[in-house]
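Q: Those protein sequence lines, which keep their order, are chains R and S.
My numbering runs 16 ahead of the 1-based position in the first sequence.
My numbering runs 16 ahead of the 1-based position in the second sequence.
You may find that some hints are simply not true.
Heads up, the list lumps identical chains together, so a pair's fine if it works in one copy or across two of them.
Stated by the list, open to error - For lysine-lysine, the following BS3-like pairs were computed, each having C-alpha atoms within a straight-line distance of at most 27 Å: (1) Lys207 / Lys252; (2) Lys207 / Lys452; (3) Lys453 / Lys248; (4) Lys110 / Lys291; (5) Lys479 / Lys526; (6) Lys81 / Lys311.
Calculated from the structure, these hints are not laboratory results.
Given next are the chains, with one letter for each unit.
There are 2 protein chains.
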Amino acid sequence: MASILEEVNEPKDLKELSIDELNHLAGEIRNTLIENVAMMGGHMGSNLGMVETTIAMHYVFDSPKDKFVFDVSHQSYTHKILTGRKEGFINKEKHHSLSGFTTPSESEHDIFKIGHTSTSVSLATGLAKARDLKGGNENVIAVIGDGSMSGGEAFEGLNNASVLNSNFIILFNDNEMSIAPNQGGMYSNFKELRESKGTSVNNFFKTFGLNYYYIEEGNDIESLIDIFRKVKDTTKPTVIHLHTLKGKGLKWAMDNKEAGHWMMPASFDSEAMMKMPTYEKITSQFLLEKIKKDKTIAVLSAGTPGATGLTTDFREQAGNQYIDVGVAEEHAVAMISGMARNGAKPVYEIASSFSQRTYDQLNHDLAMNNSPATILVFGGSIGGGDCTHLGMFDMSLMSNIPNLVCLAPTTKEEYLAMLDWSIEQNSYPVIIRVPKKVVSTGKEVSFSQENCMKAVIEKQGNKVALLGLGNFMALAKEVSELLASKSINATIVNPVNYSMIDKDILHQLKENHDLVVTLEDGLLDGGFGEKVDRYYATFNMKVLNYGAEKNYNDLVPLAEVYNMNRLNAEQIVEDILNNIRK
Amino acid sequence: MASILEEVNEPKDLKELSIDELNHLAGEIRNTLIENVAMMGGHMGSNLGMVETTIAMHYVFDSPKDKFVFDVSHQSYTHKILTGRKEGFINKEKHHSLSGFTTPSESEHDIFKIGHTSTSVSLATGLAKARDLKGGNENVIAVIGDGSMSGGEAFEGLNNASVLNSNFIILFNDNEMSIAPNQGGMYSNFKELRESKGTSVNNFFKTFGLNYYYIEEGNDIESLIDIFRKVKDTTKPTVIHLHTLKGKGLKWAMDNKEAGHWMMPASFDSEAMMKMPTYEKITSQFLLEKIKKDKTIAVLSAGTPGATGLTTDFREQAGNQYIDVGVAEEHAVAMISGMARNGAKPVYEIASSFSQRTYDQLNHDLAMNNSPATILVFGGSIGGGDCTHLGMFDMSLMSNIPNLVCLAPTTKEEYLAMLDWSIEQNSYPVIIRVPKKVVSTGKEVSFSQENCMKAVIEKQGNKVALLGLGNFMALAKEVSELLASKSINATIVNPVNYSMIDKDILHQLKENHDLVVTLEDGLLDGGFGEKVDRYYATFNMKVLNYGAEKNYNDLVPLAEVYNMNRLNAEQIVEDILNNIRK
């Protein structure tokens with residue numbers, strides 16, 4: 017058969033195809049995905065499982081009038097290919113022209129920018145309610161995977177979807193897998209439903225009063241078209257439970273569902289990566305040793321253990337001292353508060369971007385109860401990637417909550433000393449912002465209760481003081497060296513804690529400094545630098561703040577983000593020279 | 017029968033009582049609650065429904081070894097009476113000695129400070145997991161009402177509770193009522209369970225793999241004791257579904273379940289209150305008029321319509337343009353984003369304290385999609401009440417998120433102009449922080465896109481500039497008057513927007529001012545004042561910031577909170593005089 021994909025440029029091009037042709041198209045798209053994702057990196061398994069579903073969706077429904085909302089939207093590659101964006105997957109030179117997520121600026125077929133889990137049902141209920149108020153008649157379809165279903169927002173959405181009393185379709189893509197294996201009691205019901213081919217009377221979705229259909233062959237285009245035709249224009253909120261195969265068509269991805277969920281680009285040197293020291297590996301190793309010596313220590317993840325280095329090997333060794341709560345970041349924070357209040361020593365690992373889900377739990381459940389638990393924030397850094405995963409909000413989010421002790425280590429030794437102290441202490445909830453790049457001094461560092469509220473002068477100079485927080489200690493050092501070449505002997509301070517300022521040190525700096533420079537690898541607004549500004553607001557001390565301006569930079573290369581924010585050492589030195597008394 | 021309550025001072029005093037005596041005690045406690053709550057104000061209906069359950073809990077289980085976690089903990093009055101704190105309810109002079117919520121500093125029987133919904137199951141799983149790691153054998157019991165069950169955190173907790181594989185008991189207190197009537201599809205299943213006396217095969221709790229018991233007579237002590245004895249020391253996570261009667265024993269509270277949920281003190285003059293203008297009333301009236309003219313406008317609440325003035329009358333008149341999503345703050349924010357993206361004009365009313373639940377939805381679902389929805393934040397103000405409801409975090413939480421336009425009106429006219437503009441505009445997600453006290457100038461105010469990023473000079477003076485944000489414009493005026501008596505003609509600025517600073521006006525101020533004073537009715541950390549500090553950090557301008565220091569002040573009288581934070585006009589003037597060039 018000739019290429020169908022070549023002829024398909026928008027959804028209407030599908031409408032006249034035969035089932036055979038649609039199947040052929042599915043094969044072509046699958047091959048394109050396998051080649052493309054292997055080449056440029058991205059979400060592999062989740063997209064391979066969604067090829068047929070997406071083709072059938074665009075065959076039966078009429079996007080953009082009918083509205084698709086993809087949960088997380090990491091599985092929307094086929095949707096992109098079918099809505100005018102196949103070049104980004106076929107043409108090597110355009111491989112990086114697209115976001116990996118639905119993006120309204122790319123296409124009218126993308127309604128929302130989405131990159132976090134469990135939001136699709138709620139967002140889609142809003143589309144449906146607006147339609148009902150306006151008197152429209154489009155179909156609203158939320159596509160959500162089994163992994164996303166364990167998040168509280170998804171549940172709140174389900175509970176509200178069922179009372180819409182109008183057209184609303186949820187495609188529940190059940191591939192029996194979150195990123196990591198699914199966690200939680202509801203998955204036993206999904207299993208029951210799969211095993212009974214959807215006939216089990218005890219039915220999670222029906223308890224919400226939702227209509228329910230089960231499709232065993234969730235990768236069979238004909239079955240999918242049949243059921244979509246049946247529910248199109250339904251006037252009752254309806255769930256279609258699709259049993260799909262994650263990684264379909266790529267044996268390696270099917271056999272390695274967790275590893276195959278997301279792939280590094282082909283150019284990526286995985287052997288070098290294996291050898292490279294990372295904080296993920298350092299942390300896992302350290303925690304494994306601690307765990308073996310103390311059965312009250314436990315390590316938690318909310319469905320993303322791989323992202324923070326909690327490998328399958330770690331999980332096996334940790335046994336019941338490892339807890340994956342599924343995609344349920346809020347629950348994880350409340351749970352560690354409970355664990356700490358009952359004498360255990362929990363360590364919760366979370367990515368900066370997903371920590372955004374936990375503000376009230378950090379505030380009300382953890383900090384207000386002053387529960388001595390430890391949270392390790394990974395990936396907290398000014399990012400140059402997709403605006404859904406910027407990693408720059410966590411400090412502003414966490415550091416303004418009372419009681420939380422937020423620490424930003426600058427070296428491996430400092431980090432491990434802080435982590436060890438945090439696990440063993442009984443006084444505070446502690447956040448440790450795990451640095452990005454491993455810097456090891458080889459010198460042992462001790463850390464105790466006294467240290468956690470104290471900044472450290474790394475180098476005593478005068479005139480200019482550089483406060484290099486966490487990741488940006490390296491930048492402070494770079495700036496210091498440049499300044500030295502201009503005969504300025506800058507002081508370097510490690511602030512250590514970013515939820516407070518060390519007033520003693522800031523006071524000391526007044527003596528022989530004209531300018532204080534704060535450097536933080538995160539959002540300026542509500543960040544550490546502004547706390548320093550407040551301290552000096554009534555003193556005759558100039559302060560320059562470096563960090564990220566408040567913007568959703570989407571797919572802006574990191575170098576450009578740095579340049580815009582004047583985060584290069586040369587730019588900073590230029591500003592410093594303009595701001596000190598000549 | 018002689019008083020039993022007089023003899024009961026701690027849980028062990030219950031253990032030898034007969035069922036008759038326990039029933040007598042229940043009557044005494046109920047009378048005490050009715051008298052006490054009517055006198056001092058507080059949660060009435062919810063506590064009246066929990067008297068028997070709490071007695072039976074303390075009769076069968078052994079607190080504090082066995083651990084009770086009360087969701088929201090507003091229903092814990094009987095628990096307090098039975099655990100050494102009855103004086104706070106009996107002795108009029110001690111009426112205000114207790115928190116209305118569980119509070120560890122009051123008693124070892126209170127494990128957590130709790131005031132937000134839907135947290136109990138998650139917190140309790142932490143207690144249980146810690147017990148299992150340590151090898152303990154205490155019972156862990158979470159008490160959660162049907163209203164709290166619709167919150168995502170509760171769901172995440174349920175999904176994880178079921179996999180604990182050890183002792184864990186959930187008392188599901190189903191009085192068929194949230195604060196307002198329950199909302200959502202799951203409530204149809206709870207009804208099915210009640211009507212089938214728990215025998216329905218389709219069972220929300222069983223879909224999580226939880227053990228399940230139904231007790232029709234949830235206010236019958238004997239039934240309660242029986243079932244608690246049966247599940248005590250269970251090794252399988254278990255739900256006991258208790259059908260209880262909200263407001264039991266007080267006809268008025270039973271007949272008026274929503275009004276009876278929480279009562280004002282007897283001293284409260286409800287007639288005067290009815291006549292007093294409030295922003296709740298002003299808002300409802302304004303929105304009703306808007307709604308009648310435009311069917312695409314809708315008003316949302318997350319289970320707390322009464323708290324923001326959305327009366328039953330309002331709800332009836334608004335019809336399908338009023339949406340209560342139940343206790344599901346996250347869903348509400350995602351839903352309004354969806355509504356706005358599909359051409360509707362949603363207005364979501366939320367209390368400051370509960371907005372803490374929505375950081376990621378504000379950031380990822382709403383602001384990143386730049387959806388032009390309106391959020392009205394009520395009760396945003398430095399509080400003197402329970403630390404669970406301080407109302408001071410919302411500005412720091414919201415104002416540092418990109419794209420959000422956060423407005424702080426100072427008068428009724430300004431507020432309504434902003435609200436009208438926000439509903440009709442199509443450019444930004446807008447937060448309006450509804451002021452506390454109605455100030456009406458009678459002068460019409462116009463507000464347009466241009467205004468939303470511009471501060472306003474209310475009075476041009478020199479030397480000292482007072483930036484009075486929202487509620488604190490009144491304080492700025494008070495300070496200005498005091499300064500006038502010292503021959504200082506201060507400039508007064510209305511910042512209008514607190515998610516950005518108006519650099520033009522701040523620049524102008526440099527000309528003839530030595531000192532800028534920021535006044536904000538919220539947390540200083542991450543707040544508006546620090547943005548002003550950052551702007552002036554390299555200029556020769558002193559800035560004084562007023563607001564709340566980062567602390568969980570619990571039941572500290574407001575006057576004391578003001579005094580500690582130097583928020584009295586006299587204190588501020590003293591500081592100003594100390595900071596200007598003589």
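Q: Run every hint past the structure and note whether it holds.
A: The hints, checked one at a time:
In the homo-oligomer, the alpha carbons of Lys207 and Lys252 lie at most 27 Å apart both inside one protomer (25 Å) and across protomers (20 Å), since each shortest distance falls under that limit. Taking identical chains as interchangeable, the C-alpha atoms of Lys207 and Lys452 are never at most 27 Å apart, the minima being 39 Å within one chain and 52 Å between chains. Taking CA atoms no more than 27 Å apart as the test, Lys453 paired with Lys248 passes in neither setting, with 51 Å inside one copy and 51 Å between copies. Taking CA atoms no more than 27 Å apart as the test, Lys110 paired with Lys291 passes in neither setting, with 32 Å inside one copy and 66 Å between copies.
In this homomeric assembly, Lys479 and Lys526 come within 27 Å of each other (Cα to Cα) both inside a single copy, at 9 Å, and across copies, at 25 Å. Taking identical chains as interchangeable, the C-alpha atoms of Lys81 and Lys311 lie at most 27 Å apart only when they sit on different chains, with a minimum of 21 Å there against 56 Å within one chain.
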